[in-house]
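K.L.:
Put the complex together from the two separate chains, hints included.
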Amino acid sequence: MTAAILVTGGGGVGKTTVSAAIGVAAARRGLTTLVLTVDPARRLANALGLAELGAEPSKVEEEPLLWAAMLDATSSWEAIARRHADPAVADRLVNNDLFEAATGQFPASQSYAAVEEATAFVKQGKWDLVVVDTPPSAGGIEFFTAPANMTDLIGGRLLRWLTGGSIPGRRFLFDRAARPAIRIADAVLGAGLFERVTQFLMDLRTTYDGIAASSAEIDRTLSTAQTLIVTTADPTPMREAIRFFRDLPTNAQHPTSVIFNRSLPVAWVEATTPDDDPELAANFARWSTESARQHRLRNQFSERYSTEVTTMEWQRTAPTDLDSLEALLTTAGGYSLENLWS
Amino acid sequence: MLDKRFIVVSGKGGVGKSAVAAAIAKSAARAGRNTLALSMVGNGMGLGAHLGMTTLEFKPQQTEPNLHALSIDRSKALVEYIQIQVGLPSYATFTPAVRAFDVLASTAPAIREIVTMGKVLWEVKTGHWDLVVADGPPTGQIGSFLGAANTMANLVSSGRVADQSKWMREIQMDPTATELVLVSVPEELPTSETIEALEWLEGHPVVASRSIFANRVLPRLETEAAGTGLAADAASLHRSLTAEQAIWLERLPTRLDLPFLFGAESATVVADRLADAMGALVS
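Sequence lines, in order, name chains Z and C. When we follow my numbering, the leftmost residue of the first sequence carries the number 7, and every step to the right adds one. When we follow my numbering, the leftmost residue of the second sequence carries the number 121, and every step to the right adds one.
Any given hint might turn out to be false.
Unchecked claim - Pair by pair, the computed Cβ-Cβ distance ranges are: (1) C/S360 - Z/L254: 33 to 39 Å; (2) Z/S348 - C/T343: 29 to 35 Å; (3) C/E344 - Z/S348: 42 to 48 Å; (4) C/G247 - Z/R310: 42 to 48 Å; (5) Z/K65 - C/I367: 26 to 32 Å; (6) C/W320 - Z/D329: 35 to 41 Å; (7) C/Q182 - Z/D329: 52 to 58 Å; (8) C/S360 - Z/K65: 41 to 47 Å; (9) Z/R310 - C/G172: 18 to 24 Å; (10) Z/R48 - C/A345: 32 to 38 Å.
Because the hints were derived from the structure by calculation, they are not lab data. Since the structure is predicted, the reported quantities are computational estimates derived from the model, not experimental observations. Ideal Cβ placement from N, Cα and C applies to all residues, glycine included.
In isolation and in its complexed conformation, chain C is listed as follows (with noise of 0.2 Å):
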């Protein structure tokens, strides 16, 4: 998975998307691919936090070896949009202007998408980097996000967004480059918005390939013995609750799982030891 050059990592929220996403990008930089991290959708601090930053900025930051940052402004997004992509002159991107495109970009269908991720697309495209990584929009969204470019294609026929929207298709759908990770839990709703995005997929070809990650799922005890006290107290939790995510881990029977991580103190923490997880993994 690591030789992709764009991977998009989306789950419900509270599954750990942010995490995994960080997560991959370490695993990336550990084996020495120049990685970029980025935050797709809210204000980054999410993605930042599980990579030791407070904040993430528009401009690439690094965070370690190999590793930089930047979350997407969606203004900002939208000015670089406009003058990289579409070629307008500077003078045409003045501030009143562009925000008045911004209320209007956030009514039209797809826009806001179309510039996100065409601001995406276009770190995998400069080649800068030999891996992009997105923590990527909630399940919910994948449809627009990943769509956006199919979307705008139907909308506008010709113009500008039109040329845009091909070379995106085009990434997203070549099997050797981009790559869409589902992060689930094994819980009855992250389970089921997994597989309807599953479903969602099979008629939609936004992406290429795709793969499922399984968080927090707990080790099985090999021992049936009951155990004494406080011990015999933590072994039923323990089989109760491995039982449950059986049931749940069923339903997604081509997965990748990663482990609960027991008193894992911070965000950085759980990046660590879920990139130390993912190494034997996806490697």
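Only chain Z is shown next, with the shape it has when bound in the complex (with noise of 0.2 Å):
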């Protein structure tokens, strides 16, 4: 049985970097461990060792228990289409020019391709452990709404009403109560590429049972994950944090902890400190407001959504090694991440 752990956050909040951490960790402690990211930050691949990852899981050459990997939405939407159509349909699918700017920009799909991926990796059983740093669109909360999103566009009545249910040639085309969107299409689009459109969602249509079966698959993974949320005590990613609390998605489970990233020693709150230097004990007291105003969201926000809290210290600078990476979770205060896995 394969253990989940999905690490959420707003953007730029050090996600990726805490999510190879748990691995490092976890890898180290005896568990078979494979850590999914979406983001490719270079020098976090080479703490990790490799040149650069790939969406084949690979193997960490100094930490033989630990596996690495990058989802890719476009080239998973791909597989996802190959997956849930017929071949002659998913050919057609990936080949029409409009599927790579659809594939970009149905509100769900990049999302539903990253956790459609991340979950089969999790059924494959190959790994004790599968860390899923999840891509950051609206705080975290799109990677768990994304299968019934996805499923709700293909299913929907409006395309079922588009593309004329399940009789084939019986397009709304043909339907005179959808001659205004028709109108309007052929204002702005010019007919041409309407009937590219209208073809595409027809295509995309015959996924449908497959992406539902596959929802409820999912659905039932995310629920029995355990979830981290990182922050940095800055107000747009407490913001998004919150989010998360506030419309914490019915598959999901109540955050374990909720992770500080660049948090400032305790010790330099309300601290006084005499320095001979002036400008050395105004810095100090500059960072002494800052950490100041960290512990006091720390505290409320833990108290306000009774939850664990765990501080990781402000690196100097960013990990560069495996060693430097698990040093993160060590030297931790607060709740400890070695919950996760004990």
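P.N.:
See below:
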């Protein structure tokens, strides 16, 4: 049985680094671990000893139990089309010149591609633990809501109406009710483009059964996974973290812990320090203000949302190797992330 | 910069794009320019928070003297677009048709972007505002938004959309009217994304002028003293961080630096303090 840890949070908070740190620590505790990331930071790949991350899991050379791979929404979307549509239809979908634009633009499609691919790795049963660095869109919520959104989109009444249900050839083009839509489309797009869009959507419709079945599976996997939120004490990522708690998706567990990355030492809060150098005294004073602010926000947050809090120290430099990644975990304060696998 | 008519702000997620957009808008408003701040993607909560609003509407709301704000709701923008731009009568925009078209629009390349850009540039074109500041798409999507007019012009050679794309391009390519602001922070990924965006812009003339803001830049310590106790610890962290930042700042030679804000309690405080810092830079 493979356990999964879903690491969520807004952009720029160090989510990928934290995911990798968890992966290293778990592997060093004897768990065969796969880290999936969406972010191709070159220095992080280097820290893992990999030239670059690919869609296929690759073994981290210096850490026998650790594997890593990157989730690539565009290529995995193609895999999804091939998995859920007839070969001929899949070819037509992938070769349609709208394919790339559409896969990038369906509100839920990138997140859906990521979540389907991630859960497929969990189901393979090859690893004891899969750590997923989730895409940051909508504070991480989209990753959880994507299966339902995708099913709604492809199976929704609107698309059924547009594409004429299951009866081939009976498209809404021949339906009186759709005439205003056609008028708009013709005026805006020109008829040729509109035809191509319609064909594309009709082909997409044939993936519905596959995607609906997949979505149910994905939801089951998500709902048994532990979730972690990574944030910093800055207003924007905090707002995203709060949003995750407020709109907690029904298929997500209450977060095991909220990790405050880039935390300053608590000893700096409200401390005064004599120093002969006035510039260094002033420098300490401003960092002390920042530390106090962080401390206050963490406490408010943990009380308000009754959650465990883990603090990770603000690193002087980005982690450059496996040891410095693991050190992120071993030097963390508050709720111990070692609880994740014990 | 503030004498432009349209400033669109972009950056990788997490760099403070909305904060910088809010700060630019506040600076302009305080300098007496009738300013509209608008959010182009998402629900506008980020921009709203920095302007002290819990939500932004599709209709402009005043947030302080000389400053209004709105958030672009794609479906409403589409209805407005169809009525104003395409000139279809209102009976053609009844809800099911628009919803159906909305599905088509999310599939066809550049439709969503051209509707959004159309709304933004329409606000610029009306002449109602001295300046429109857009909290724009993330760096990865600049091409599809700013290039929407071009993409559309290539796909459809005639019709109303073809006409729209013409005046849109004219505003974007007017160096006295439009400026793209790329926000970065001195870290690996945001810096490389900014450089990639700049390279892309070299080969794709979609906007006449651009500038770069590096956000959260730490001040340098002048003294070389090591200090004692906690002050020494703070100085040591500070020096390590500035050394790390210097590596990434060096890769963006032409830029304006915005300071790291110590102890900024809220999104509004962040925007106000950035606006103060910006006052000197951009006036």
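K.L.:
Indicate, hint by hint, whether the structure satisfies it.
P.N.:
Against the structure, the hints come out as follows:
no.: 1; hint: C/S360 - Z/L254: 33 to 39 Å; in the structure: 37 Å, holds
no.: 2; hint: Z/S348 - C/T343: 29 to 35 Å; in the structure: 47 Å, violated
no.: 3; hint: C/E344 - Z/S348: 42 to 48 Å; in the structure: 46 Å, holds
no.: 4; hint: C/G247 - Z/R310: 42 to 48 Å; in the structure: 46 Å, holds
no.: 5; hint: Z/K65 - C/I367: 26 to 32 Å; in the structure: 30 Å, holds
no.: 6; hint: C/W320 - Z/D329: 35 to 41 Å; in the structure: 37 Å, holds
no.: 7; hint: C/Q182 - Z/D329: 52 to 58 Å; in the structure: 55 Å, holds
no.: 8; hint: C/S360 - Z/K65: 41 to 47 Å; in the structure: 32 Å, violated
no.: 9; hint: Z/R310 - C/G172: 18 to 24 Å; in the structure: 21 Å, holds
no.: 10; hint: Z/R48 - C/A345: 32 to 38 Å; in the structure: 36 Å, holds
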